[in-house]
Amino acid sequence: MKNIIRMLISLFCLLILAAPAVAGDVNLFIAASLKEVINELSDSFARKSPGVKFVKNYGASGALVKQIENGAPSDVFISANLEWMEYLKNKNLAEVSSIGNFTYNAMVFAGAPGKASSMRDLIKLERIAIGSPKSVPAGKYATEAFKKAGIDKQLGKKLVMAKDVRECLMYAERGEVDGAFVYRTDVLQAKQAKMLFTVPQELYPRVTYPMAMTGEGAKNRDATAFFAYLQSDEAKRVLLKYGFSSR
Amino acid sequence: MIPLAPTDYDAIRLSLQVSLAATLLSLPFGFAVAYLITFVRFRGRVLVEVLVNLPLTLPPVVVGYFLLLLLGKHGWLGSLFNAAGIRLIFTLKAAVIACAVVGFPLLVRSMRIGMEGIDPQLINASRTLGARWYDTLLTVILPLSFPGLVAGSSLMFARSLGEFGATIIVAGNIPGVTQTIPLAIYEYASSPTSETMALSLCIVSVAISLVVLFLHESMAKKMARKN
Chain A
12 MKNIIRMLIS
22 LFCLLILAAP
32 AVAGDVNLFI
42 AASLKEVINE
52 LSDSFARKSP
62 GVKFVKNYGA
72 SGALVKQIEN
82 GAPSDVFISA
92 NLEWMEYLKN
102 KNLAEVSSIG
112 NFTYNAMVFA
122 GAPGKASSMR
132 DLIKLERIAI
142 GSPKSVPAGK
152 YATEAFKKAG
162 IDKQLGKKLV
172 MAKDVRECLM
182 YAERGEVDGA
192 FVYRTDVLQA
202 KQAKMLFTVP
212 QELYPRVTYP
222 MAMTGEGAKN
232 RDATAFFAYL
242 QSDEAKRVLL
252 KYGFSSR
Chain B
93 MIPLAPTDYD
103 AIRLSLQVSL
113 AATLLSLPFG
123 FAVAYLITFV
133 RFRGRVLVEV
143 LVNLPLTLPP
153 VVVGYFLLLL
163 LGKHGWLGSL
173 FNAAGIRLIF
183 TLKAAVIACA
193 VVGFPLLVRS
203 MRIGMEGIDP
213 QLINASRTLG
223 ARWYDTLLTV
233 ILPLSFPGLV
243 AGSSLMFARS
253 LGEFGATIIV
263 AGNIPGVTQT
273 IPLAIYEYAS
283 SPTSETMALS
293 LCIVSVAISL
303 VVLFLHESMA
313 KKMARKN
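Just so you know, the sequences run in chain order A and B. The number in the numbering used here is simply the position in the first sequence, starting from 1, with 11 added. The number in the numbering used here is simply the position in the second sequence, starting from 1, with 92 added.
To be clear, the hints were calculated from the coordinates, so they are not data collected in a lab. All clues given are correct.
Each computed BS3-like pair below joins lysine-lysine, with the alpha-carbon atoms no more than 25 Å apart:
#: 1; chain 1: A; residue 1: K169; chain 2: A; residue 2: K158
#: 2; chain 1: A; residue 1: K67; chain 2: A; residue 2: K252
#: 3; chain 1: A; residue 1: K247; chain 2: A; residue 2: K67
#: 4; chain 1: A; residue 1: K158; chain 2: A; residue 2: K135
#: 5; chain 1: A; residue 1: K126; chain 2: A; residue 2: K205
#: 6; chain 1: B; residue 1: K165; chain 2: A; residue 2: K126
#: 7; chain 1: A; residue 1: K168; chain 2: A; residue 2: K126
#: 8; chain 1: A; residue 1: K230; chain 2: A; residue 2: K100
#: 9; chain 1: A; residue 1: K168; chain 2: B; residue 2: K165
#: 10; chain 1: A; residue 1: K135; chain 2: B; residue 2: K185
#: 11; chain 1: A; residue 1: K46; chain 2: A; residue 2: K64
#: 12; chain 1: B; residue 1: K165; chain 2: A; residue 2: K202
#: 13; chain 1: A; residue 1: K102; chain 2: A; residue 2: K67
#: 14; chain 1: B; residue 1: K165; chain 2: A; residue 2: K135
#: 15; chain 1: A; residue 1: K46; chain 2: A; residue 2: K247
#: 16; chain 1: B; residue 1: K165; chain 2: A; residue 2: K169
#: 17; chain 1: B; residue 1: K165; chain 2: B; residue 2: K185
#: 18; chain 1: A; residue 1: K230; chain 2: A; residue 2: K67
#: 19; chain 1: A; residue 1: K202; chain 2: A; residue 2: K252
#: 20; chain 1: A; residue 1: K46; chain 2: A; residue 2: K202
#: 21; chain 1: A; residue 1: K205; chain 2: B; residue 2: K165
#: 22; chain 1: A; residue 1: K205; chain 2: A; residue 2: K135
#: 23; chain 1: B; residue 1: K185; chain 2: A; residue 2: K168
#: 24; chain 1: A; residue 1: K159; chain 2: A; residue 2: K126
#: 25; chain 1: A; residue 1: K46; chain 2: A; residue 2: K59
#: 26; chain 1: A; residue 1: K168; chain 2: A; residue 2: K158
#: 27; chain 1: B; residue 1: K185; chain 2: A; residue 2: K169
#: 28; chain 1: A; residue 1: K164; chain 2: B; residue 2: K185
#: 29; chain 1: A; residue 1: K126; chain 2: A; residue 2: K169
#: 30; chain 1: A; residue 1: K67; chain 2: A; residue 2: K100
From just these sequences and the hints, can you work out the full model?
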């Protein structure tokens with residue numbers, strides 16, 4: 012009995028002592044569509060400067076902003092639209108001087124071949140996955156395109172809301188939906204789903220990825236160095252490799 | 093008045109609809125399983141008991157994933173239904189199935205407690221007086237285990253109202269079609285600008301749960317007094 016109590020006490024002590032984030036960590040809050048790019052960039056950065064440890068948090072940009080707003084430890088934030096960066100800036104949580112554009116992307120519709128070839132064809136489909144527009148930029152771009160194309164009413168009850176753009180892609184991959192609105196670069200990661208058509212650019216604002224350091228991040232030397240590395244030519248090459256456009 | 097979007101009213105309606113359908117659908121099966129476990133001695137009874145209770149301890153996400161494998165377009169039940177022109181995945185039917193599976197153990201448990209409380213002599217007496225097994229079932233066991241049935245149903249209804257993990261996997265999150273209250277709250281909760289909307293739907297959720305639980309308690313009391 013004594014042993015059990017001692018064990019429980021030491022376990023409890025361990026739990027309260029476990030620090031949530033270590034000083035040497037760089038906390039990345041990154042839009043889900045950048046997952047592979049940032050994985051590669053952070054790996055190559057970590058190889059060059061050993062000792063730097065990355066804590067990577069991928070998700071819907073809106074959800075990430077909410078986490079930052081609620082005090083999640085964060086150093087670098089990259090959003091998949093301007094709206095959520097603006098929101099963070101207005102809350103004084105982003106270092107204004109650091110804000111810049113990381114890269115660009117485009118919206119496409121992906122699914123099993125033959126399902127659709129234009130926005131008009133969407134009306135005939137049964138289930139379409141989009142990111143929840145409340146927090147997922149890809150979903151917001153998609154709904155804006157529906158409105159401009161005048162098909163938002165017809166699509167109303169066909170839209171499956173995904174928690175981020177990658178979940179959206181997964182729905183299409185598994186064939187559980189007829190198709191999904193994702194980024195051009197996401198389709199390159201897909202195995203089953205194929206790109207069926209690109210969404211005409213006049214229907215939605217350009218997909219822009221703004222980047223920023225948070226207040227905490229600006230004080231973190233490793234984070235600042237990584238932030239600079241993200242803007243290097245090497246980073247641009249990696250972005251190009253994964254299908255992102257630099258302009 | 094708390095602010096609610098039109099899709100929130102849909103979510104409330106869908107939640108009640110799904111929970112009610114799941115509970116009603118499970119009642120006959122729950123009763124049969126409870127009867128089987130309580131009164132029939134057979135090989136593998138423990139196995140049935142464990143299987144029935146499994147969803148109680150499994151993470152609902154696991155249940156949802158299994159259901160997805162089973163009912164999905166390429167799943168073996170799903171493809172059968174698909175051939176018959178019935179779509180299950182990402183429909184309200186899938187939400188009902190998910191709730192039915194997750195809530196089933198609660199229903200069976202309460203029913204069993206009700207059945208185990210029946211004096212075996214009453215059952216034996218009815219049999220010696222010439223009642224067939226189904227006569228005994230309908231005129232002795234069913235009325236005497238009724239409190240357990242009601243308690244189980246209300247518990248399962250309440251559990252279904254809160255079902256999230258399995259539902260989001262098999263039914264998806266389609267506003268106005270499969271988006272129940274927990275799913276709507278989840279969607280709001282991940283958006284920085286929807287704080288008040290999330291909160292007002294949470295209040296609705298608490299209110300419904302309180303009503304159901306009060307009904308459950310008052311019914312249980314009434315039953316206890318009767319006995």
